[in-house]
Amino acid sequence: MALDELYKEVILDHYKSPRNKRELPNASSSCSRNNPLCGDEITVALRVDDDVVTEATFQGAGCSISQSSASMMTEAITGSTVQASLDLAASFRGMMAGEVEPDEATFGDLVALKGVVKYPIRIKCAVLAWDVLQEALQGDGAATGAQAH
Amino acid sequence: MAFDVEAIRRDFPILERTFNGHPLVYLDSAATSQKPVSVLEAEADFYRRHNANAHRGVYTLGEEATELFEGARATLASFLGAPSPSTIVCTRGTTESINLVAHGWGRKFLHAGDEVLLTEMEHHSNIVPWQFAATATGATLRYLPLTDDGLLDLSDLGSLLTERTKLLAVTGMSNALGTLPPLRELIDAAHAVGAVVLVDGAQLVPHHAVHVGDLDCDFLTFSGHKMLGPTASGGLYGRAELLDAMDPFLGGGEMIMEVFADRSTFKEPPLKFEAGTMNIAQQIGLAAAADYLSAIGMDEVRRHEEELTAYTIDGLLEMGARIIGPKDVSARGGEVSFWYHDIHPHDLATVLNEDGVAVRAGHHCAQLVMRRFGVPATTRASLAVYNTRGDVDALLDGLEKARAVFAV
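If you read the protein sequences in the order shown, they are chains A and B.
If you use the working numbering, the first sequence corresponds to residues 88 to 236, in order.
If you use the working numbering, the second sequence corresponds to residues -19 to 388, in order.
Isolated chain A, as found in the complex (with noise of 0.2 angstroms):
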């Protein structure tokens, strides 16, 4: 496989230029997890009104795949219900796993990533965000920002 089939024009966009890549001081949860891998680290934050996730974003380093993910993802899920953001959060998993074919409706610029199940080391960079995201929702690290690592 081609290198610019996994390095998509859009993925090295938001790699460079990440979106929503800053703190959320009045974040309604946050949780943080590393990538054993790699030492890469993520912390996701949200801040969620009447069920609607109305400001997500993401601070830490890491490779472009996981920068990406994690910027396409605060993207996606900012003005989606929880329970939107969580099944497209198993969407993203299932496209990952090879089970699901994204469509550009539901994906938006995720689908770039389509391109990282050829490289399986790679995927736990692609998910690490969307682990991250899914511990926020369910509450487990709400507001606290427990550290899952």
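What the hints contain is simulated information worked out from the structure, not anything from laboratory work.
No residue lacks a Cβ here, since even glycine has one placed at the ideal position from N, Cα and C.
Treat the hints with care, since some could be wrong.
The calculated label-pair distances, taken between Cβ atoms and stated as ranges, are [as the list claims (entries may be wrong)]: (1) P3/B x S104/A: 44 to 54 angstroms; (2) F(-1)/B x D91/A: 10 to 20 angstroms; (3) I208/A x P(-7)/B: 17 to 27 angstroms.
Below, a list of computed lysine-lysine pairs in the DSSO-like style, where the Cα atoms sit at most 27 angstroms apart [said to hold, decoys possible]: (4) K247/B x K103/A; (5) K381/B x K95/A; (6) K201/A x K381/B.
Please arrange chain B on chain A, whose structure you already have, making use of the hints.
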């Protein structure tokens, strides 16, 4: 025999493989080395012709297996300059060897108030077992810090290595930085305060002549799979009186003299530490690896790798890479960690893989090192006796390509 890297390469069948049409450029020998045909054959020949359990069978086949297994121990003893084969305990590798010492020696001889001195460049396998031992005994761990060049900072040695220090555990060569600590100086200083010294030889033994008598270390651990041998082979050298005094590690068959309902007595070292059926075929393969390295000559191995390390570091620096670790090749080996134009190591490794270049990206089980240098991970190219300048050129070409992909 004149050193001939092309002849050496022909002994390693895996180097004939190609990936995406590119020949394998294997630059991850610090993780595990490739194996020459003689090692593969020694292991297969044992299974084909001599397989039986060692130390048990009265029949001829069993005697052959025992003889080959004990012969492998003797080969390893002579490879390391150990005074007797009985000072070599067979293990699955360095991790098991260090755990064996931390358990058998550490839990018996460490007490509350004692100190174990480590360094910030240790592999996790030379940290975590000591944390276990410290928790069990109340001993305290202390660490020798590093300089910005990735050398040991010995300026506070006098306050860190004291009469409270019961053990110094130090790597012979850092897997993350390549650094060669001044072992003999450290060992002498430790002995002067009465401390025992363990050298983690996982990276040192495959790349340098090691003579435990000249080093004067008390324990030396090594991993077969990093020195051209099979996985799950390796060992521990221990000074005879220390092995005698230590408690066993794993309990089970073959390590006992007599078993009663409530207690047991144990064999003499090294069998005291070898419970259950051992890694017989692997140790025989490892002995073949030691023979292979001896035939080349460890000084020749080191000379070749030192020259190639210099070539690698020069090439990387010329391309603007940041080397994490010493740049002076006389103070280091061929484990070259670097950052290149802020491209994350995982991305670099993926781009390099496209051209058949295998490097390691990660924290290399040395998170203290990563924290010390403020990086989450590094890209590491590690060299072995079968690598060439062509391999290094392929690495450097791959870096150019990565720079184009990420437009940096």
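Satisfaction of hint between K103/A and K247/B, Cα-Cα up to 27 angstroms: Roughly 63 angstroms between the alpha carbons, so the hint for K247/B and K103/A is violated.
Hinted pair K381/B and K95/A, Cα distance within 27 angstroms: holds, 15 angstroms
Given the hint that K201/A pairs with K381/B, test it: the Cα-Cα distance must not exceed 27 angstroms. The hint holds at about 22 angstroms.
Given a hint of 44 to 54 angstroms, does the C-beta separation of P3/B and S104/A actually sit inside it? violated, 38 angstroms
Should the hint that I208/A and P(-7)/B are 17 to 27 angstroms apart at their CB atoms be regarded as holding? holds, 25 angstroms
Taking the CB of F(-1)/B and the CB of D91/A, does the distance hold inside 10 to 20 angstroms? Distance hint for F(-1)/B, D91/A holds at roughly 18 angstroms.
Consistency with the previously given hints fails for numbers 1, 4, ordered from lowest to highest.
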